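Peer 1: Chains as they are written, first to last, in the working numbering: chain Y, 4 to 245; chain R, 4 to 245; chain H, 4 to 245; chain V, 4 to 245; chain S, 4 to 245; chain X, 4 to 245.
Simulated from the structure, these hints should not be mistaken for laboratory data.
Be a bit skeptical, because a hint or two may be false.
No farther apart than 27 angstroms at their CA atoms in a straight line, the calculated lysine-lysine pairs in the DSS-like style are these [stated by the list, open to error]:
| no. | chain 1 | residue 1 | chain 2 | residue 2 |
| --- | --- | --- | --- | --- |
| 1 | V | 52 | S | 52 |
| 2 | X | 6 | X | 52 |
| 3 | Y | 196 | Y | 225 |
| 4 | S | 236 | R | 52 |
| 5 | Y | 52 | H | 52 |
| 6 | Y | 52 | X | 196 |
| 7 | S | 228 | S | 196 |
| 8 | X | 228 | X | 196 |
| 9 | Y | 52 | Y | 6 |
| 10 | X | 196 | X | 6 |
| 11 | S | 236 | S | 225 |
| 12 | X | 52 | H | 52 |
| 13 | H | 225 | H | 196 |
| 14 | R | 52 | V | 6 |
| 15 | X | 225 | X | 236 |
| 16 | R | 196 | R | 6 |
| 17 | R | 225 | R | 236 |
| 18 | Y | 225 | Y | 236 |
Over the 10 angstroms line for every Cβ pair with chain H, so calculated as not near, a few chain R residues [unchecked claim]:
| no. | residue |
| --- | --- |
| 19 | 6 |
| 20 | 8 |
| 21 | 81 |
| 22 | 98 |
| 23 | 169 |
| 24 | 196 |
| 25 | 197 |
| 26 | 204 |
| 27 | 220 |
| 28 | 233 |
| 29 | 243 |
All of these numbers come straight from a predicted model, not from anything done at the bench.
Glycine included, C-beta positions come from ideal geometry on N, C-alpha and C.
6 protein chains.
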Amino acid sequence: MRKDGRTEEEIRPCTIECGCIRHAEGSAFIRVGDTHVLCVASVSDRVPKWLARSEQGWITAEYSMLPRSTAERTPRESTAGVSGRTQEIQRMIGRALRAVCDLHMLGTWSIVVDCDVIQADGGTRTAAITGAYVALAQAISWMIQHNLVRTWPLSAQVAAISAGLVQGDVLVDLTYEEDRSASVDLNLVLTHKGQVVEIQAAAEGNPFSVEQLNRLIGGASKGLKILFEIQRKALEGIVVRS
Amino acid sequence: MRKDGRTEEEIRPCTIECGCIRHAEGSAFIRVGDTHVLCVASVSDRVPKWLARSEQGWITAEYSMLPRSTAERTPRESTAGVSGRTQEIQRMIGRALRAVCDLHMLGTWSIVVDCDVIQADGGTRTAAITGAYVALAQAISWMIQHNLVRTWPLSAQVAAISAGLVQGDVLVDLTYEEDRSASVDLNLVLTHKGQVVEIQAAAEGNPFSVEQLNRLIGGASKGLKILFEIQRKALEGIVVRS
Amino acid sequence: MRKDGRTEEEIRPCTIECGCIRHAEGSAFIRVGDTHVLCVASVSDRVPKWLARSEQGWITAEYSMLPRSTAERTPRESTAGVSGRTQEIQRMIGRALRAVCDLHMLGTWSIVVDCDVIQADGGTRTAAITGAYVALAQAISWMIQHNLVRTWPLSAQVAAISAGLVQGDVLVDLTYEEDRSASVDLNLVLTHKGQVVEIQAAAEGNPFSVEQLNRLIGGASKGLKILFEIQRKALEGIVVRS
Amino acid sequence: MRKDGRTEEEIRPCTIECGCIRHAEGSAFIRVGDTHVLCVASVSDRVPKWLARSEQGWITAEYSMLPRSTAERTPRESTAGVSGRTQEIQRMIGRALRAVCDLHMLGTWSIVVDCDVIQADGGTRTAAITGAYVALAQAISWMIQHNLVRTWPLSAQVAAISAGLVQGDVLVDLTYEEDRSASVDLNLVLTHKGQVVEIQAAAEGNPFSVEQLNRLIGGASKGLKILFEIQRKALEGIVVRS
Amino acid sequence: MRKDGRTEEEIRPCTIECGCIRHAEGSAFIRVGDTHVLCVASVSDRVPKWLARSEQGWITAEYSMLPRSTAERTPRESTAGVSGRTQEIQRMIGRALRAVCDLHMLGTWSIVVDCDVIQADGGTRTAAITGAYVALAQAISWMIQHNLVRTWPLSAQVAAISAGLVQGDVLVDLTYEEDRSASVDLNLVLTHKGQVVEIQAAAEGNPFSVEQLNRLIGGASKGLKILFEIQRKALEGIVVRS
Amino acid sequence: MRKDGRTEEEIRPCTIECGCIRHAEGSAFIRVGDTHVLCVASVSDRVPKWLARSEQGWITAEYSMLPRSTAERTPRESTAGVSGRTQEIQRMIGRALRAVCDLHMLGTWSIVVDCDVIQADGGTRTAAITGAYVALAQAISWMIQHNLVRTWPLSAQVAAISAGLVQGDVLVDLTYEEDRSASVDLNLVLTHKGQVVEIQAAAEGNPFSVEQLNRLIGGASKGLKILFEIQRKALEGIVVRS
């Protein structure tokens, strides 16, 4: 039994509220336990320079933590500079979204998904990916309704979860406290069809075996099935496909 | 009658939810119509360098808009640099809070109040001041409960509201659209006793008379009475005075 | 009687020397007591991007203090970063100048007025506005002589002055020392017709009443009448109207 | 057969020259095909602030590419800002080195390993890790000879290699051209005992299966065995253990 | 005959006004033709970190041009970043001043000399050096009067001038226009005893001979004699030696 | 006799390896004693903005030191900011190269020469100039072979060397240690025809006489003759003239 009463492979209570920001083409407020992330998708007719001559769109993400989302106040990055951690995370979110989208179908539109952490308790980057997918799907639905995109370009749902080895046990969906005591930290990004979009696992202290890696993947995969279901419910009645 | 059905001196529906951020010593989520600002107070044992040798505490504020709080997405200041507008606003919030607090009673503690605009529809700086007061009062209550402060240091409530001249009429609590068509823009910061903490009024286009200025002050003052009442309710059952 | 022998509403000796910088289209060196500001207007055929498609010109201001204009040397902003105070002031100067100019008459020209404080003794932002008007008027006269502008676009003179409450008394045109001991600090920007362009007043310590605000405005208005006269003399023989 | 004549699981010719920089405590120039990286370890008596009170040392890495290491010249990061990619890579190198070092045995010393890419043809981050281990081992040997460290703190060799799926085939140690056409890109960091230190795999385009992931791991592991052998030879006669 | 009526080796009219800034320990306003530079010396009890343990003081210089000192307005370096040219010049001024001062006699005091160009017409760096010496001498005199320094630490006067080859002729003290058409540009820093402190000469276009270099040095040396005389007059009645 | 056995006017062993970087149009690795600099020339079809309308090309240089090229590790400029020293050096290298090139013959092409110091022992800026010429000549040869340039645009070889006064003696090609004890430091840039491209000499401590300056120039000129010979050998069989 874990500190908050969960079993080893049980994920925290999760809710996703879609359409919460009035000005935006897509938005989702995701709560995974005490981790709360606001994901907002903005459609723009400007693609990055290096894509200018190609015939495809682009999806990118930005990630930020409000100063007091953490137990101690963290200085703003507008003052302190954008950290390596932030850049690593926003690149990861962007890759995950692009992996399930046919960018040629976006024409020359680009979408930015802003993921702002309102409150943090471990797993902010995975919650951001799971919420960002919902905001993205709403934005694309908006584009179809406004005839900016003709065909539904998303090939699958994408979501992410963490898992870790704590004293030899595989725990799924780590809180901040569990994450700190884990000897291995896995972040797994899957499609709802069970395909891998991205995997990152690093030893915090002692290296680990390939067999342990596969057990972590197994546990995380189970948790993700629940998240895909919650995504579907959040989008019900909102998404209009082509 | 105004576009949203209000009379000239009527303010928008306003709610303040106190204590919404789990990690923070004080927090308030204020909604004034479609303007939503999260105000979070953090207590710290570090005062600015230039105060190091004095025997007083300090209160400061930071202000930021989430990228898609606005109708068009605004680039993050971590990327674009902190704008003059942002700095002007956070200095104004800080001054307002310090004007009602006896900083010597704070000992050598300092408090930062982060005001993050989640959604914007005019009047974000005045909503931030009104919400920041509530977050500050909760944080000071927490300090008293934890024996960091002995005597209640706040001498009055402080809140702020906008008013403007639109085609010769005094309108109170402007939406973004009303603000754009106003020929004069007033921001008024008062204590609940009716004393002025700060006044800023600038002509957008044609200069105005001192008589018009006094009519604007009058209208704004009435609106503020309602905000002081809402602040009191939000703090009910939360604030513990010394 | 004040420390320097002035009565409560008396302003410091003021001189404005117009045309002091050889390369510039407009320039004015203003001395208000020991506060000396060099104001230089540059005409340019580039307007800000966001105005590119409109049919109007633009006026902007930059403000800076030489490192040793102050009693203690202040680090340069090229090293330390442009402070919030600087940005607040240069936005204020720009607003004041634009409020008396019909920007459509400027065609697609823009004017930058650089206000560099050579020596500071309180009231640098108000002296900058008063001097900047003179530099601007000379630059516009130059534009008319060179057929860049057809009709005189300035609707009024603009000038500014400070006032404050010191131990309950209204003092006009504060020195640095008086400013530090004032409990309220007013900056008032008027046209020579007595209309308000901008008003800023903030409590340093104790909040103040609306009645006190109106007494401050009254005192400052009297001082401004003298400054308008000095502006007119500085421009005599220099300005050529259309 | 691959373009350069290698079989699918064959790595490029690799050499490591240890001790090539005269001033440094440890250095290694690694060449993996046309990818050339200079790795230089510097010992310092300053640990990061947040470690100041602990009783342990620290190892960190910096990564940079010379402007013309690439086919097209890349602007320097001193001009363009440190990119997210650079920060991601240098964090990864640092983690890999720390995972095989008992930081408590370093006392309060810290080591920075600078990895500068002289010429790039794919796999610069993995070559940097493989070379950095050699520079680190030489630096630690130097510390032991100078009595700064008593016990050999490295628990294993660490090295890294890339692998990818190209048209369904597992290729090991990708060139830049192969990397661009791969649909999955794996970076694997192992100890010479076969334990995982870090694994990163991301879909470039189509998601992949867990089975494919395991085939990539298998291929990469074989290539790493050769690199561990080359590391050992490079350090022969140089490393003095406690 | 030159455009402004000067002979080849004749310098422009030069005046130096000492003590023009009220707050500063030393100040000099130097005018060389239409080149006007304000030089202000500030005494501080902080030396740079790397000197902290030594028993000597330090002298440094900062150089800046007001935006409209030039024919076209130049953006401020607080906005555009400090240019290489600015840094090169301020390092040169600092070296020149330190070369004639026994830094050990300064105790642990440091002096910053700010050189701000009010109006530019060629030779701003050399005028800055000539004026900075006067400001420095006044500041040191102030230090002696206030018992911060015991013995006069300056071993000689230092001044600088430019010279150039224009169509084969040696011209001394170049205006901006002459400088642009010169094929060689020399900046010479001498002491009043005729010793060289620094020499910089570079070909703009065609390389030049050592013989030509010596002719340039000869012409510049004559011009400097007049500047040393003007420095002495500016300091008359102001400098108090130990 | 000097510490490393050289006579006063003897330069250190010098080698230049041309064509060492595979991707680049020109490259040279120069070793002058323990000072090792990698010089790489990149051809680009973009000229600086201010040249856009002219009919000429441009040559520029960038200079950087690897962090551990020095005895103590120096922080990267991507972190610490580009120093004044770096900017001064890269401007000097650029001027030297442009002085021997007819920029109109380059058409609208520009060339950047990156000079990265791998190991430093005094004289890095002069070694950079000497090596940069070789990289530039190879790049221009490549341009001629690819028909980007028709006529050989270089009018002469250019190289540089240092010299200094150490206890009254003229020493040529100073090591870092010699440089620190020199009372005068000369950097001399000549063409192989003996013409001066640039000369910089500054007193470190005591000013010096014109006669001493001429002795330094004489010694340095002799050393440069050997460097011009080494440049020619490095380019043998590589340069193809038009």
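Peer 1: A separate judgement is required for each hint: does it hold in the structure or not?
Peer 2: For each hint, the structure was consulted:
1. Distance hint between residue 52 of chain V and residue 52 of chain S is fulfilled; the C-alpha atoms sit about 19 angstroms from each other, no more than 27 angstroms.
2. At roughly 49 angstroms between alpha-carbon atoms, residue 6 of chain X and residue 52 of chain X are farther apart than 27 angstroms, so this suggested pair is violated.
3. Only pairs whose Cα atoms come within 27 angstroms are accepted, and residue 196 of chain Y paired with residue 225 of chain Y is accepted, the gap being roughly 12 angstroms.
4. The straight-line distance between the Cα atoms of residue 236 of chain S and residue 52 of chain R is roughly 44 angstroms, outside the 27 angstroms bound, and the hint therefore fails.
5. A threshold of 27 angstroms between alpha carbons decides the hint, and for residue 52 of chain Y with residue 52 of chain H the separation of about 19 angstroms falls inside it, so the pair holds.
6. About 47 angstroms separates the Cα atoms of residue 52 of chain Y and residue 196 of chain X, which puts this hinted pair outside 27 angstroms; it is violated.
7. Between the alpha carbons of residue 228 of chain S and residue 196 of chain S the distance comes to roughly 9 angstroms, so the proposed pair stays at or under 27 angstroms and holds.
8. A threshold of 27 angstroms between alpha carbons decides the hint, and for residue 228 of chain X with residue 196 of chain X the separation of about 9 angstroms falls inside it, so the pair holds.
9. In summary, the hint linking residue 52 of chain Y to residue 6 of chain Y is not supported, as the alpha carbons are separated by about 49 angstroms, beyond the 27 angstroms threshold.
10. Taken as a hint, the residue 196 of chain X and residue 6 of chain X pair is broken in the structure, with Cα atoms around 32 angstroms apart against an allowance of 27 angstroms.
11. Taken as a hint, the residue 236 of chain S and residue 225 of chain S pair is honoured in the structure, with Cα atoms around 18 angstroms apart against an allowance of 27 angstroms.
12. A C-alpha spacing of about 18 angstroms is found between residue 52 of chain X and residue 52 of chain H, which places the hinted pair at or below 27 angstroms, so the restraint holds.
13. Between residue 225 of chain H and residue 196 of chain H the alpha-carbon distance is near 12 angstroms, which keeps this suggested pair within the 27 angstroms criterion.
14. A distance of roughly 63 angstroms separates the Cα atoms of residue 52 of chain R and residue 6 of chain V; the hinted pair therefore is violated under the 27 angstroms criterion.
15. A C-alpha spacing of about 18 angstroms is found between residue 225 of chain X and residue 236 of chain X, which places the hinted pair at or below 27 angstroms, so the restraint holds.
16. At most 27 angstroms may separate the alpha-carbon atoms for a hinted pair to count; residue 196 of chain R and residue 6 of chain R exceed this at roughly 32 angstroms.
17. Restraint check for residue 225 of chain R and residue 236 of chain R: the C-alpha separation of about 18 angstroms stays at or below 27 angstroms, so the hint holds.
18. Proximity of residue 225 of chain Y to residue 236 of chain Y is assessed by CA-CA distance (about 18 angstroms); at most 27 angstroms being required, the pair is judged to hold.
19. With 10 angstroms as the threshold on Cβ separation, the claim that residue 6 of chain R sits away from chain H holds: the shortest Cβ distance comes to roughly 26 angstroms.
20. Taking the minimum C-beta to C-beta distance to chain H, about 30 angstroms, the non-interface status of residue 8 of chain R holds against the 10 angstroms cut.
21. In this structure residue 81 of chain R is separated from chain H by more than 10 angstroms, as the shortest Cβ-Cβ distance comes to about 15 angstroms.
22. Distance check on residue 98 of chain R: its Cβ comes as close as 6 angstroms (rounded) to a Cβ of chain H, failing to clear the 10 angstroms threshold; non-interface status is violated.
23. At the 10 angstroms boundary, the C-beta of residue 169 of chain R stays outside the reach of chain H, the nearest C-beta of that chain being 17 angstroms off.
24. Separation of residue 196 of chain R from chain H is inadequate, the least Cβ-Cβ distance of about 8 angstroms not exceeding the 10 angstroms criterion.
25. Residue 197 of chain R, annotated as away from the interface, has a beta carbon of chain H within 10 angstroms; the closest lies near 8 angstroms.
26. Annotated as non-interface, residue 204 of chain R brings its C-beta within 10 angstroms of a C-beta of chain H; the closest such distance is 5 angstroms.
27. With a least CB separation of 6 angstroms from chain H, residue 220 of chain R falls inside the 10 angstroms interface cut-off, contrary to its annotation.
28. The Cβ of residue 233 of chain R lies farther than 10 angstroms from every Cβ of chain H, with a closest approach of about 20 angstroms, so its non-interface assignment holds.
29. The Cβ of residue 243 of chain R sits about 25 angstroms from the closest Cβ of chain H, beyond the 10 angstroms cut-off, so the non-interface label holds.
The structure does not agree with the numbered hints 2, 4, 6, 9, 10, 14, 16, 22, 24, 25, 26, 27 stated previously, though it agrees with the rest.
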